[in-house]
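*Asks:* These are the residues of each chain, in order.
There are 2 protein chains.
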Amino acid sequence: MLDLGKRARAAAHGLGLASSEAKNRALAASAAAIRAQSHKIKAANDLDMEAARAADMSKSNLDRLMLDDKRIEAMAKGVEDIAALADPVGRVLASFERPNGLRIERVATPLGVIGVIYESRPNVTADAGALCLKAGNAVILRGGSDSFHSSRAIHACLVEGLRAANLPEAAIQLVPVKDRAAVGEMLKGLGGNLDVIVPRGGKSLVARVQEEARVPVFAHLEGIVHVYVHGAADAQKALTIVRNAKLRRTGICGAAETLLVDKAAQAQLAPLVKMLADAGCEVRGDEATRGIDARVKPASEEDWSTEYLDAIISVKLVDGLDAAMDHIEHYGSHHTDCIITEDKAAAERFLREVDSAIVLHNASTQFADGGEFGFGAEIGIATGRMHARGPVGVEQLTSFKYRVHGNGQTRA
Amino acid sequence: MLDLGKRARAAAHGLGLASSEAKNRALAASAAAIRAQSHKIKAANDLDMEAARAADMSKSNLDRLMLDDKRIEAMAKGVEDIAALADPVGRVLASFERPNGLRIERVATPLGVIGVIYESRPNVTADAGALCLKAGNAVILRGGSDSFHSSRAIHACLVEGLRAANLPEAAIQLVPVKDRAAVGEMLKGLGGNLDVIVPRGGKSLVARVQEEARVPVFAHLEGIVHVYVHGAADAQKALTIVRNAKLRRTGICGAAETLLVDKAAQAQLAPLVKMLADAGCEVRGDEATRGIDARVKPASEEDWSTEYLDAIISVKLVDGLDAAMDHIEHYGSHHTDCIITEDKAAAERFLREVDSAIVLHNASTQFADGGEFGFGAEIGIATGRMHARGPVGVEQLTSFKYRVHGNGQTRA
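Those sequence lines, one after another, are chains X and A.
Per this note's numbering, the first sequence starts with residue 1, numbered consecutively.
Per this note's numbering, the second sequence starts with residue 1, numbered consecutively.
These are calculated hints, taken from the structure and not from any lab test.
Among the clues, some could well be false.
Using 30 Å as the maximum straight-line C-alpha spacing, the simulated DSSO-like pairs for lysine-lysine come out as follows [to be verified]: (1) X:LYS6 to A:LYS188; (2) X:LYS203 to A:LYS188; (3) A:LYS203 to A:LYS59; (4) A:LYS203 to X:LYS6; (5) A:LYS297 to A:LYS59; (6) A:LYS6 to X:LYS188; (7) X:LYS203 to A:LYS297; (8) X:LYS203 to X:LYS188; (9) X:LYS188 to A:LYS188; (10) A:LYS263 to A:LYS344; (11) X:LYS77 to X:LYS42; (12) A:LYS203 to X:LYS188; (13) A:LYS263 to A:LYS297; (14) X:LYS42 to X:LYS59.
Stretch by stretch, here's where chain A covers chain X in the computed footprint (C-beta under 8 Å, at least three residues) [claimed, not checked]: (15) 49-60; (16) 349-362; (17) 379-390.
Every residue gets a Cβ at the ideal spot worked out from N, C-alpha and C, and that includes glycine.
Next up, chain X with everything else stripped away, as it sits in the complex:
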């Protein structure tokens, strides 16, 4: 593992200086290889699926693991989409001139070496590999042992792409064996050769990485996402947004988990609860909510801090904007929170005072996604405050340096 780290660091140096053209050529060749070798990828995936079935893997995990032609094509297309993004390296982030004539530019540079630890989805191999490469970073990929054969077949396509563009093969490395100790060594930072770790998977993986990592982590542990229907909310917007925020997809981190309805909007509570229950969503309410519909179950204290990732929602009546923000501060996860209101001042206060990576006014929380933000692709959503926050796209996978242009200036 330490050798892997050293090779990554060496590759990162050259990669940071690679031209956009070379990086894009590698990505295009990788996508072509994924298409050309789809039979090999499927054969590798068959091995993983067989083993998983023999090990009685759950249906939802089997679905995450499975690759078919459609998914392989989507993977190749994803790599091409990343190639089509603007190069984040070399962007001039700021430029200013000093009274002594010095012109100073802050310019984006790669971050260095990124470690990605993921679970059963083998397509992360292509996504994460391509994103890191685009930003000029070397990456060490550690996929789940369940998806090892699939990931290895996909990784071979990425290496083919690197070769085609004369980029160092160590730019995208896959931890080569089903090495159980590898995660622990990555968390320790591979002797200073790992700059950041991105965990992609369930809560227990993220929790372990956040607790044990000695290097920075871009991640979120959970998305306890709130929609707050303010007293001045438009009733129709509230119905539409709450439905979409909770039910469009229930398993994503931007899905709403708690609905807060202001006492001043109490009339909207019944139609909101009816809409949700009619749509098959289990509603767990506080006292005020329970009286409204026979289908409402009682919410326990635990419900307010539970990420269901399912067709379940907790509903609470709150007394004013401050009470809503207090609830979010106390129970939330600083991920994504939304206010529905026609009152601009209330919206501005909510957007300013709620300390979450993403705060929305009159829009579904399911927009919490790098693609929806226009970032092209994301490696995840971060709730930490260091370096990256919110959707982590290629721009957040860069650092910067200062270029100072002089004509002989000395300091007095």
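Following the hints, put chain A in place on chain X, whose structure we already have.
*Replies:* Frame of chain X; chain A shown alone:
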């Protein structure tokens, strides 16, 4: 110590929402208190100085520790200068509109809780406290035990400022006793209540913090700063810049430590060495350099990676731009490096390819300083690639969040 962390976290929440006016009022009142209580500060400093003399502290450390009217006035003025800076919180860093009409803003927010660990200079108490407050962060200050009485007297002035503006007193906390275990506990992150640590002091302090900290660190271990005289360098500029870069002040991190002269500029070697030796600088040269002036001492392998912080310089003849950049990559510290040349293409390559926080063309490396960059003040210079790099001013002490403005949008 854990209680200190909890109090800081609680204070940070309110502080993040404080108005610019309140923060500036606190800073103005702090500066006024520093002036009004200068007799108390001097009395406290006398205690520290007495103990230090009794403990045979070195002359240079005694000078660092000493406070007089001039230094106290400079400290008060420094706090006022920070008050006069633009508020870094709330800046709109990016703003874009999506095809569905969503308007997304990336807005600067505070980082959270910052720990500052410093040594004998008591004025860091005021500088660091004021910088963190300006950026809306709570700060935990851990000064050297040598300067404890002085720091406590200065800290009392800052607390007076916070009170005058009705800001939480726990926004700026000083570790209250000569607690030897405090540093260790801060390095562990105070139970998740410390977001970043800034060490201010000598190499051994920085090394310990970088090795042991479980939270991100903004720092540089050393500044092995290079000036490279390219083949197309203007001889007069080279003389002026090298002299300033090495000798203006020798004890700062931006002072040059190694001079690389290109073979194509070999004619400049003798005048450069003569200028340095005449100015009282010890020159340690490679073979080519040693023949040039009887005063040149031989450089050992160790010299190329030594930060002298003194009137000593290592000098080497290199064969071309690539050799110069290889030397810098191998021996450098990614802090600050400079090329002197009239060849624009060579300058652009150097600025692009040298992987240092600050790269300069035809300007003294002693400009490596937040004040010289126009940042108003700095808490230090960072050579890491995470979050902050180069001079760390108030803007680098912030994070960001996304504000999304909609009018009823839902995700398809």
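*Asks:* Next step is simple, just say for each hint if it's right about the structure.
*Replies:* Do the hints match the structure? See the list:
Simply put, X:LYS6 and A:LYS188 have alpha-carbon atoms about 27 Å apart, close enough for the 30 Å limit, and the pair holds. For the hint pairing X:LYS203 with A:LYS188, the CA-to-CA distance comes to about 23 Å; that is within 30 Å, so the pair holds. Between the alpha carbons of A:LYS203 and A:LYS59 the distance comes to roughly 19 Å, so the proposed pair stays at or under 30 Å and holds. With a CA separation close to 25 Å, the supplied pair A:LYS203 and X:LYS6 stays within the 30 Å bound.
At most 30 Å may separate the alpha-carbon atoms for a hinted pair to count; A:LYS297 and A:LYS59 meet this at roughly 28 Å. Distance restraint check for A:LYS6 and X:LYS188: the Cα-Cα separation of roughly 27 Å lies within the 30 Å cut-off, and the hinted pair is therefore satisfied. Distance hint between X:LYS203 and A:LYS297 is unfulfilled; the C-alpha atoms sit about 61 Å from each other, more than 30 Å. For the proposed pair X:LYS203 and X:LYS188, the alpha carbon gap of about 20 Å is at most 30 Å, so the pair holds.
For the hint pairing X:LYS188 with A:LYS188, the CA-to-CA distance comes to about 15 Å; that is within 30 Å, so the pair holds. For the proposed pair A:LYS263 and A:LYS344, the alpha carbon gap of about 19 Å is at most 30 Å, so the pair holds. Restraint check for X:LYS77 and X:LYS42: satisfied, since their Cα atoms lie roughly 17 Å apart, inside the 30 Å limit. Straight-line distance between C-alpha atoms of A:LYS203 and X:LYS188 comes to about 23 Å, which keeps the hinted pair within the 30 Å bound.
Restraint check for A:LYS263 and A:LYS297: satisfied, since their Cα atoms lie roughly 20 Å apart, inside the 30 Å limit. With a CA separation close to 19 Å, the supplied pair X:LYS42 and X:LYS59 stays within the 30 Å bound. Requiring three or more residues with a Cβ within less than 8 Å of a Cβ of chain A, the coverage given for the region 49-60 of chain X is violated, as only 0 such residues are present. Residues of the region 349-362 of chain X with a Cβ under 8 Å from some Cβ of chain A number 11, which satisfies the need for three, so the listed coverage holds.
For the region 379-390 of chain X, the stated coverage by chain A is satisfied: 5 residues place a CB nearer than 8 Å to a CB of that chain, which reaches the threshold of 3.
Of the hints listed earlier, those the structure fails to meet are numbers 7 and 15, in rising order.
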